[in-house]
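So the protein lines, in turn, are chains A and B.
First residue of the first sequence? That's 1 in the numbering used here, and the numbers climb one at a time after it.
First residue of the second sequence? That's 1 in the numbering used here, and the numbers climb one at a time after it.
Among the hints, a few may not be true.
Some but not every residue of chain A turned toward chain B, in silico, with C-beta under 8 angstroms [unchecked claim]:
| no. | residue |
| --- | --- |
| 1 | Ala8 |
| 2 | Phe26 |
| 3 | Leu32 |
| 4 | Thr46 |
| 5 | Asn52 |
| 6 | Ala53 |
| 7 | Ala61 |
| 8 | Val63 |
| 9 | Gly94 |
| 10 | Met106 |
No lab work stands behind these hints: they were computed from the structure.
Here a beta-carbon is modelled for each residue, glycine too, at the ideal position from N, C-alpha and C.
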Amino acid sequence: MELLVASAIGVLTAGGVYLILRLRAFPVILGLSLLSYAVNIFLVSTGRLAINAPPILNKYADVPYTDPLPQALVLTAIVISFGMTAVLVMFALGAYLEAGDDSIDMKEAEEKDDAA
Amino acid sequence: MTTQSSLLPIIALLPFLGALVPGIMIRAGRTATATFTAVPTVLALVMLGTLAPGVMDGTVYTMSIPWLPQMGLEVAFFLDGLGLMFACMILGVGLLITLYARYYLSGEDPVGQFYTYLLLFQGAMLGIVISDNILLLLIFWELTSLSSFLLIGYWKHLPEGRQGARMALTVTGAGGLAMIGGMLILGNVAGSYNLTDILAAGDAIKASDWYTPAVILILLGAFTKSAQFPFHFWLPHAMAAPTPVSAYLHSATMVKAGVFLMARMWPALSGTELWFYAVATTGLVTMVIAAVIALFKDDLKGLLAFSTVSHLGLLTMLLGFGTEAAAIAAVFHILNHLTFKAALFMTAGIIDHEAHTRDIKRLGGLAKLMPITAVIGTVAALSMAGIPLFNGFLSKEMMLEEASHTYWWENPWIVPALATFGALFSVAYSLRFIFHVFGGPVRDDYPSKPHDPPAGMWLSPAFLCIFVVLIGVAPFLAEDVVNMAATAVTGHETHAHLKIWHGVTPALYMSIAAVAGGAVLLLLHRPLDAAWIKAGPFYAKAVFDAVIAGCVRLSRAISDTLHDGSISRYLAIFTAATVAVGYVAFMRGEIAPPTRDLLPIPPVVAVGWVLLVCATAVIVLQHHMRYRALVVLGVIGLMISAGFIYISAPDLALTQISVETVTIMLLLLALHFLPKTTPQENTAGRRALDGVIAVAAGVGVAALSFAFMTRDFSSISDFHLANSYKGGGGTNVVNVILVDFRGYDTYGEIIVLGIAGLVIFALMEALLSGPAGARLRNSGYNFDRSHDRHPLMMVIATRVMMPIALMVGVYIFLRGHNQPGGGFVAGLVFSIALLMQYMASGFGWTSRRQQFEYHAMIGWGVVIAGLTGMGAWLSGTPFLTSAFGYVHLPPIEEFELATAALFDLGVFLCVLGAVMLMLYSLSRMARHAGETVNTEPMDYDPSRPRKMVEKGKA
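Sequences are here, hints too, so could you generate the full structure?
Right under this line is the structure:
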């Protein structure tokens, strides 16, 4: 199980990194989404994996609980990463509409401006 | 004897608080602004006055408040003789300058700004002289550099002002940086950053290997600030400042900060060969060179600036001698120089103000036109020349006396000879100031007909001249003050006796030689001046400009190479470097063996894993087809949500799946306006390289997380599990952490989210009103739309689902404290319910029924969460401490009421408002692009045909 989770994190990270190295805004946003998935799972996994042990206290029985702290951190991280994605999308849209191009590298845009 | 005094921090704070007032009063006129500027100064002076008798008796007042005790930083003040003398000088002259500037500045100048800067500077300067902690002193030191930058550049429209301000900041700022290094060394050697401890550890410091670098670095700071050769050039350029600034900063206070520091550090650092040769030589060279240049300056303020440099050199030299008598002379001259130089600057300002020129060659004969000014100027200038019966004479005699028996490299005559030479030029330029400005015949070609200014303008310099004469005639009056300050400098009690007549001493001969020689020089001024101009004096500014230009070229070359605007390159380098650093760290460290057994892999999970990996692969390989990639992204989110359930994280699963929904909607909306495909731009080599980097990063992260998951370690989590119910009143530990244990974090996070929503809204506003908006209007986005945008089935279904969805949201919210759910998830569920309406029934129809502003929702969310947190203060507990109790109402089961639920309500509102505001802003774009707004809920109205038929019949 741990191997699956670790490899999933690895695959998501690799895919995310590859996409953020692209030249256009949209794949970069996709890549950042993949990276946020990876980071979130990674953070949750720092509490180690436990099956059938949600951190909901049971008044009647003494049962094991998984680590609640990383979960609390990740819960807000998920929501914040949505906010971040939204702001990035806004930037990408603004840049595209202003420059007519959603390239993220400044140099090419500048050269284009110079040429124009 | 040391006594605590809580007045000290108040004195230090007063000017800063006072600085706020003139800025606010900018419209109230010059008199009102000046009056309110004087208030904090007077208050501080009065407070100092109450402490002064104690200081005179040898008491040292201290006050210290810990700030960052781990770093040895505390807000510690102490007031001894030296500090008191300087503090009185700073505040006293500050008061005179406030009055003077009221009349000097014109009504068109932004006077409020001027006084604000002035008080800021005053506070910073005051802080330097009463700081007991050298780190605190450094902060004030830098503040003086910054505030003097503002003051020098006060007349923003003058290029000289701006350049002078920049130069002053560059030179003093660079010196300040060096001094930080020196002070840190000093603090480390002495084992404390408290000045009192450092001064007591003088012997240990001098014996340390680090003494030499510490002295050099600290001296760099002091020399740049006090304009010592070769850093003297900034001071004359700073004369572009309004004259009140020059009189205050460049004669009385800021340039004395370096001298003050040398005096302050005197017990700890002085008395070594290094100190003598570095400080005394620099001072001597500065004194002579600046005095020579001053004689050939035609600008009144330029002359005074170089004369100030020369006198600062004199002070530096005296402190460098390292003897007690020299220290006494230095302290006395600090006092005397302040009185006559500030008066002279103000006189120069008056002349400039009245005659509209400061060029000595265009002046002359002013004695008859402005007699009061002439008297003030003459008295002060005679003191500067060192003529008997004026205070400048006394300290100059003491200086010459000290110089007369100082050996430099075993040479007995070089110091006295050079000192006399400097004094000779000093006499010459002082006499020139008198004779070439006030003497001579009245001319008829002044740019403006000069006459004496209003009393407000000459009162300040006249007041200083009273001291010039009083101390000059009856020097014993200053004895107590000088002894008080000199005791503080040297560290043991001094008993100086100040007299006019010392008998026939070498100093007397030197003085006579200087006065006679100076008079001769003045007579020869015309031919000498011509020769000077012909020789083409060397301008330090050219060197400075060349150095700065070189630095700019260098940094531009570096930054242009590194920052070439290719973000993908930065990211590639960043990722590769991170992986490499992680690898190196891993290879160097040791890792404990795994302690946990691996969990089994059920087949369903394996299927989910395969789906996730395949989806990622599809996105990476097919990301050029943007819609496809987006849809597949949803698969990943879904798998992760399912995975969260499996690994016992139900709250995360709920949040992930709802965030997933809104994210995909957001990206779909955005994609409507973006190109639908990504062009293939990278070369195959580049793609391969990126692939290698990506795989390396992935393998690294996977290995790291695997290592993490297979080992046990202790954490603080058990505390939360143990206290969740007892302390937080909830059984859902994750939710209790969010709203209670780590409530402050959550509070910050909802604010961030709210800000993100507002940022998007604001960006969209700006975007739509700019050229992008025009582009959008002219684009054809609205043509490729569906013919049935609001299908009947969907409209009906979403209406039916709306109350159910809201009910689910409420349920999730209410049970959040004890079961999976809570404000975050509920906010997301609500926004999805609303979004369904927007999608199905259209923007116009829905927003007409939408009664709440989303901005307000964010605001209320933050306010409710904040007020809930503050409510804890009422019961005397810290911010966000929660309270809870259980209520039993007969028909319902026992339920819990917790303030945490109220906090969660804030979270809920903020999340809902932010998410909706984001999507709402994006959809506004569509309307801007020409999307029609539907007023009817459906494109196809089932009731319409019948109406049409009826209409047709009628």
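Structure-based check of all given hints:
With a least beta-carbon distance of about 6 angstroms to chain B, the hint placing alanine 8 of chain A at the interface is held under the 8 angstroms criterion. Annotation: phenylalanine 26 of chain A was flagged as interfacial toward chain B, and the flag holds, the nearest CB pair being 6 angstroms apart, inside 8 angstroms. Among the interface hints, the one on leucine 32 of chain A is violated; its C-beta lies about 11 angstroms from the nearest C-beta in chain B, farther than the 8 angstroms criterion. At its closest, the beta carbon of threonine 46 of chain A sits 6 angstroms from a beta carbon of chain B; the interface hint therefore holds under the 8 angstroms criterion.
Taking 8 angstroms as the C-beta cut-off, the interface hint given for asparagine 52 of chain A holds, the closest approach to chain B being about 6 angstroms. Because the closest C-beta pair between alanine 53 of chain A and chain B is about 5 angstroms apart, less than 8 angstroms, the hint holds. The interface hint given for alanine 61 of chain A is broken, as the beta carbon of that residue sits about 13 angstroms from the closest beta carbon of chain B, more than 8 angstroms. Hint status for valine 63 of chain A relative to chain B: violated, with the closest Cβ pair at about 11 angstroms, above 8 angstroms.
Annotation: interface hint on glycine 94 of chain A holds; nearest CB of chain B at approximately 5 angstroms, less than 8 angstroms. This hint holds: methionine 106 of chain A has a C-beta 3 angstroms from the nearest C-beta of chain B, less than the 8 angstroms allowed.
When each numbered hint is compared with the structure, violations occur for hints 3, 7 and 8.
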